[in-house]
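Fit chain F to the supplied structure of chain R, relying on the hints for placement.
Those protein sequences? They're chains R and F, same order as listed.
Sequential numbering of the first sequence, starting at 1, is according to our numbering.
Sequential numbering of the second sequence, starting at 1, is according to our numbering.
Note that these hints are calculated values from the structure, not bench results.
Do not take every clue at face value.
Derived list of chain F stretches under chain R, where covered just means 3 residues or more per stretch with a C-beta under 8 angstroms from a C-beta of chain R [as the list claims (entries may be wrong)]:
| # | stretch |
| --- | --- |
| 1 | 24-37 |
| 2 | 87-93 |
Chain R residues, not near chain F, derived (Cβ > 10 angstroms throughout) [said to hold, decoys possible]:
| # | residue |
| --- | --- |
| 3 | 10 |
| 4 | 23 |
| 5 | 56 |
| 6 | 65 |
| 7 | 323 |
| 8 | 393 |
| 9 | 431 |
| 10 | 457 |
These numbers were taken from a predicted model, which means no experiment stands behind them.
Even for Gly, the Cβ is constructed at its ideal location relative to N, Cα and C.
So the chains spell out like this:
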Amino acid sequence: MTPADLSVAEAARKLAAGETTSLEITEAVLRRAAQTEAELHCYLTIDQQGALASAEDSDRRRRKGAVSALSGIPIALKDNMCTDGIETTCSSQILAGYRPPYDATVVRRLRAAGAVIVGKTNLDEFAMGSSTENSAYGPTHNPWDPGRVPGGSSGGSAAAVSAGSALAALGSDTGGSIRQPASLCGVVGFKPTYGRVSRYGLVAFASSLDQIGPITRTVEDAALIFSVIGGHDPQDATSYTGEMPELSALGSGVAGLRIGVVQEASGAGFEPDVETACRQMAERLTAAGASLEEISVPTFTVALSAYYLIAPAEASANLARFDGVRYGLREEGTHVEEMMARTRAAGFGPEVSRRILLGTYALSAGYYDAFYGQAQRVRTLLINELNAAFERVDVLILPTSPTTAFEMGAKTQDPLSMYLTDVCTIPANLAGTPAISVPIGLDRSGLPIGIQVMGRALGESVMLAVAAEIERLARFTARPPMLEAWS
Amino acid sequence: MPIDIDIAHVARLARLGLTDEELSFYQRQLGVILEHAAKVQALDTTGVEPTAHPLAFVNAFREDATVAPLDRERVLEQAPLTEDGFFVVPPPLEGT
Chain R
1 MTPADLSVAE
11 AARKLAAGET
21 TSLEITEAVL
31 RRAAQTEAEL
41 HCYLTIDQQG
51 ALASAEDSDR
61 RRRKGAVSAL
71 SGIPIALKDN
81 MCTDGIETTC
91 SSQILAGYRP
101 PYDATVVRRL
111 RAAGAVIVGK
121 TNLDEFAMGS
131 STENSAYGPT
141 HNPWDPGRVP
151 GGSSGGSAAA
161 VSAGSALAAL
171 GSDTGGSIRQ
181 PASLCGVVGF
191 KPTYGRVSRY
201 GLVAFASSLD
211 QIGPITRTVE
221 DAALIFSVIG
231 GHDPQDATSY
241 TGEMPELSAL
251 GSGVAGLRIG
261 VVQEASGAGF
271 EPDVETACRQ
281 MAERLTAAGA
291 SLEEISVPTF
301 TVALSAYYLI
311 APAEASANLA
321 RFDGVRYGLR
331 EEGTHVEEMM
341 ARTRAAGFGP
351 EVSRRILLGT
361 YALSAGYYDA
371 FYGQAQRVRT
381 LLINELNAAF
391 ERVDVLILPT
401 SPTTAFEMGA
411 KTQDPLSMYL
421 TDVCTIPANL
431 AGTPAISVPI
441 GLDRSGLPIG
451 IQVMGRALGE
461 SVMLAVAAEI
471 ERLARFTARP
481 PMLEAWS
Chain F
1 MPIDIDIAHV
11 ARLARLGLTD
21 EELSFYQRQL
31 GVILEHAAKV
41 QALDTTGVEP
51 TAHPLAFVNA
61 FREDATVAPL
71 DRERVLEQAP
81 LTEDGFFVVP
91 PPLEGT
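Next up, chain R with everything else stripped away, as it sits in the complex (with noise of 0.2 angstroms):
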C-alpha cells in the first residue's frame, strides 16, 4: 500500500492530520500510473505538471487554513468532460486535439473545492460501448487480468481508480458507463438520479439519459464527491432546482427497510457465480434486519430494445454538431454537405457511426412512430412499474452486470451481444433513478463482482444507506494481482 490507495476520505483524514501533503499523494499516483499505464492504458492525457503545481499549491494553502471539502485529492475525469485549456478528446478522431475553453461544471466544482486534476481517462468513442476497446487511441486493460475488458464506457476512470493512479475519478453514465466498469473492476460506481449534476460542459451522448457521477474505492467517497459535484446549476436547465439530499445516515444500517430483488435479472445469460454472490448478499441484508421481496419489472428485458433505439436517436441529433465546422478534424469537400460527409466518416468509429445511422434511421419519416414512438410509449410502461415497486420497497437490488469481465474482442464482432450487457443498468437510465455499484466478492476466476442498489428518483439518502451496509458485510478488501508489485 502507497498513499496511492487510500480512499478519499482515508486521505483527506491523513492531509488533516498532518500526516501526508497532497505532493506525496500526487506523486504516488503520478508514480503508480508510470508504473501501470503501458499494461492498463487509463489515460489519455496524464497533466503531471498541473498536477503537481496544484498540489503544491493545495498544501500551501492548508498551511495557511484554507481547506475544502477534497482539498488535495487527486481525481481523474472521463475525456467527455470539458476542461479548459487541456485537451478533450471523446476518444475520438474527429475531436483531436480540441482544446475546449472552459470548465464543465462539475471540473470547476472539483477545482473549487480544492481537487486535484490527474489527467482525462480512456473511454468508448463518445461513452458508446460496453468495454472501452472502442477507443480511437486503443482499449484500456482490466488491472484485475490485463487481457480481459474494463467494461465501459467509463473504463478508464474505473480501472484507474481500481489502480491507484487516481483515488478517485469522473465517469458518465447513460446505459450504465459508470456502474458496469465499477462491478468490472471492483469499485464503487454511482450514477445519481437524472438532473441531480449539470451536464454543462459534458460532451452530450443521450441528453435525457446522461449523468455524471463518482467511481471511487469506497461508499463513502462516491457520497462525498456527489456532495461536491451536485445541485442545480443555471448553465444547465435540466438540472433539478431543489435541494441535495441529507447524506449523514450512511452508517444507518438497514433494519426496517423493505430491499426489493428484481425477478428478471436472473437466469439466461447470467453467470452463477454472479447469481450466487447477490443471492448471498440478499440474505445476509434480511440477518442485518431488512425484509426480503420478489419483485417483478416486466418490461425489464424489453427496456433494453427501449433504449437502443431512444439514446441512438438522441446521439443522432446531438452528434450532428460535430461537422467540421466549429472544432476538431475537417476533410475538404467541394461543397458544404460533402465537407460535412466527408469529415464525419473519417472523424467517427465504426460504433459511433453505427449508432448515429440507427438512429437517424429510427426518426426517419415512416419509421417514426414503429421505432422511435413505441420506444419511448416502453420508457413510460417501465417507469410505471418501477414507481409501482417503490411503492413497496426501499431500494432494489440486482446484479450490476451479467457476467464478470469479458476477455478483450469477445464482443467486438457482434454489438448485439455488447449491447446486451447492459441489461441491469439500462433501467435506471430510463426511469431517470439513482443507481450504485458496489463490489462484493470475486467469481471462480478472481475477477470481481458488483451489486447494483437502485433507488427511488431523488432517494440517494437511503439508496447510499443500503450500498453503506452492503459494503461493510462483504467487507472487499482485495486488490489486482498485478499490484502486488507496487505495493
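Just chain F, lined up with the frame of chain R:
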C-alpha cells in the same frame, strides 16, 4: 428476420460519406440490431403516453441578466478555418 433498410438514404440523412463496402457492412449489422429493437413493437401500448424526459421536473428559471460569454478568440481558435472572426466553410451548393 433481419430488417432490410435503405442504408444509402439513411447515411445521406446522417451526413456520413461511407463507401459501398461500409454501407453493406452497416446494413447487415443494423438489420440484426433492429430485429432485436423491434421487440418494443410486441408490447401493447394503447393509451400509453410517450416519455421524452424521465422526471417531471418543473422548468428552471434564471435571472435575466447579462453574463460574460466565452472568449471569442479562444472559441475561434478551435475551428479548422476562420476569417475576420467568422467560421469559413465551402460553398453551400454543389457547383457554385
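Hint check:
no.	hint	verdict
1	24-37	holds (count 8)
2	87-93	holds (count 6)
3	10	35 angstroms, holds
4	23	31 angstroms, holds
5	56	27 angstroms, holds
6	65	31 angstroms, holds
7	323	7 angstroms, violated
8	393	19 angstroms, holds
9	431	6 angstroms, violated
10	457	6 angstroms, violated
The structure is inconsistent with the numbered hints 7, 9, 10, although it conforms to all the rest.
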